Amino acid sequence: MATQTAPTRARPASDPSRSPRRVGFSQRLGKWDVKLSPYLYISPFFIIFAITGLFPLIYTGWVSLHDWDLLGGQGDFVGFENFTQVLGQAYFWKALRNTISIFLWSSVPQVIAAIVIAAMLDANLRAKTFWRMGVLLPYVVAPVAVALVFSKMFADDSGLINTVLENIGLSPVGWHSEAMPAHVAIATMVNFRWTGYNTLIFLAAMQAIPRDLYEAAVIDGASRWRQFISITIPMLRPTIIFVVLTSTIGGLQIYDEPRMYDQMGQGGNDRQWLTVTLYLYELGWRNTNLGRAAAVAWLLFMIIVVFAVANYLITRRIASDSAPKQRRVAGRNPR
Amino acid sequence: MRTTRKRALALTAGIAGIALVATGCSSGSDDEGGDDAGSGDSDEKITLTISTFNEWGYEPLLEQYMDENPSITIEHNKFGTSNEARDQFNTSLAAGSGLADVVGIEIDWMTEVMQYSDQFTDLASDSVEGRWQDWKVGQATTPDGKLVGYGTDIGPEGIAYRSDLFAAAGLPTDRAEVAELFGGEDATWDDFFAVGEQFAAASEVPFYDSGAAVYQGMVNQLEAAYETPGTDEVIATENADVKDIYDTIMAHTELSAGLQQWGEDWNNSFQTDGFAVMLAPSWMLGVIEGQAEGVEGWDIADVFPGGGGNWGGSFLTVPAQSKYPEEAKALADWLTAPEQQLVAFQTSGNFPSQVEAQESEEIKAITNEFFNDAPIGEIFATRAAAVTVAPYKGANYFPINDAMAQAINRVEVDGTDDATSSWDKWVAEVEAIG
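The listed protein sequences correspond, in order, to chains A and B. Take 292 as the starting number for the first sequence in our numbering and just add one per residue. Take 4 as the starting number for the second sequence in our numbering and just add one per residue.
Hints are computed from structural coordinates only; laboratory data are not their basis. Note that this is a predicted model, so its numbers are computed, not measured. It is possible that some hints are incorrect.
[To be verified] Cβ-to-Cβ under 10 Å is the rule here; a few derived chain B residues that face chain A: (1) Glu87; (2) Gln264; (3) Asp268.
We put the beta carbon where it would ideally sit given N, CA and C, even for glycine.
Chain A on its own, in the form it takes in the complex:
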């Protein structure tokens, strides 16, 4: 702020002594270039975002306030009736419960596993690139293909997993008939796909941690575990926040995996694995009630905002008690 106010004050004083018209056009062009170019460079994102993000968001809000049929189009203005209707449906709450449950079953183990795997990959390994590429392989597989394979493995009577369970003397699990096992199965698909991706992000962040910190810790007699807890984790804080935020947004919008989990794609006979996005699709495209689907979309948006803020607040506290100043200074060092 201080640097901005200074020149404006100086300008009126210097103006009378110089003729402003003498300033060459190319010089002015250069000034504009300096001032405007940065905005121009980042503008594609914001232009695209306004078209594909902001406009649909607002328009969806507009749709949610109307009777709106998928094929028939706009109907009467109904205020918040769609919202009250949706909030009164047992399926909406079931969908919310399932979504949060699947989100927890996927995000929590995923982030923990990703950090641990990244820490192992960060150690001195032979054929480093091979292992690092290896963890990313599942990410290359299309989610629908993953879902097809996993839903065969998780079939209730004839699936591989239940067969194995029975062979080792355990009772088979109702992967489709019971809600919680269904959530675990779907979370497994998500974890299969995304753990490697997050591992690489954590790995990149770990390699940016200055090695002298570890050397100092070793001299102080810190064990590997102590180093991990007291150096690695605190230094990863911004990355953890990033990963947790993206997996929150992704996890709450989960669609492909539950959609493909059985042949009908309706989230189960008793909606055991109906997620909010599946419910949105069901309302809008199966029952052609776009107004109600838009209301669900807005509710989902608000839920994601709440979750993201809550997660941000929680993850920000990671190791924030221990010497925050040092960490901040150290964080800038590697550059």
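Assemble the complex: chain A is given as a structure, and chain B must be docked to it using the hints.
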């Protein structure tokens, strides 16, 4: 000098970036119009798409059509279930793009489609005059006389059974005797369930595959199950007949294998002696044959409880968004001609809806090797003649019926509910739809 050039370069790059993104957008939306955008420029070669579901027996026919019309390439998109096909249909119709040039539609959701008849090409032409029975044409004709779809098949139902499992349980195996066992011409649902009890007493194998499937057979014999004809008022939850059928199914869950039709376990159960009997509309033969490949003993009896039944049957339509409506119409016309539907019947058992095909001599000669050389042409012709009820299916038929299948599966497959609580959930769902 160097810095200005760099700057100019960067500026150009920025502008080019925006331009790229902008053009990327526009070409992206063009692509959605159809995969054939590239080939559309030349008049010579065109690609037609056709979407069907389950098994329609069209593969050899489409090959033949491409051979006869070298300028046309056909892409066949086959959905696993009618539900999936309907989802995709709704989405693409609303989006205004993405539908195939020729779209297969099942009778259960045809009424819904008829509401948007302006989105379809009028298919009326002299060549299809008198091709079908009037009731079949009526289902696809708007009040002002526009023909939206060409009838493909109908689904007269027989009873498919495993003769080897019947033998093991001490029941007759010959298909004529089995027909008699189920009650012959006056077969009733009580007979059906009685045979089930008899079978269950002597065998470990469940009698039929799915209660929801048996429900489907029974509900298709009601004239107006869920909606009042004309007004489309939803009466599903008050209809005593529907409740009766539901209660009957619920009273016989011990005869059911508790499988969900089209599900993974259902698919696999064909290979593991999962059940002995299935209500089989003609098009189901192709499904059974595909799933039960290598299994011996399937046969089909010329009998159906409650006086004949029709399950399913479909239409081919040409959406207005098609780029080649004329060519698509010609393809649909050709596919639904009696000769072609006879081939489809031979391939997958889809019984032709065409009068000429139903009455032809060829159809009587058609047998099916997989079903112990059963004269399926003759059997399904009799089954089709036994159908007396053309059930009314209004705009909400599909979601209500679908919810009912789930209600039965909740009890039979998942065990999450008992008969009463599952019924209550269904009522709540129907109220949310209506």
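Practice item. Have a go at the Glu87 (chain B) hint: is there a Cβ in chain A nearer than 10 Å to its own Cβ? Key: It holds, given that the least Cβ distance between Glu87 (chain B) and chain A is near 7 Å, below 10 Å.
Point to revise | Closest C-beta approach of Gln264 (chain B) to chain A relative to 10 Å, hint status | key: Cβ of Gln264 (chain B) sits 9 Å from chain A, so the hint holds.
Point to revise | Interface hint outcome for Asp268 (chain B) [beta carbon to chain A under 10 Å] | key: holds (4 Å)
The structure fails none of the hints (numbered hints given earlier).
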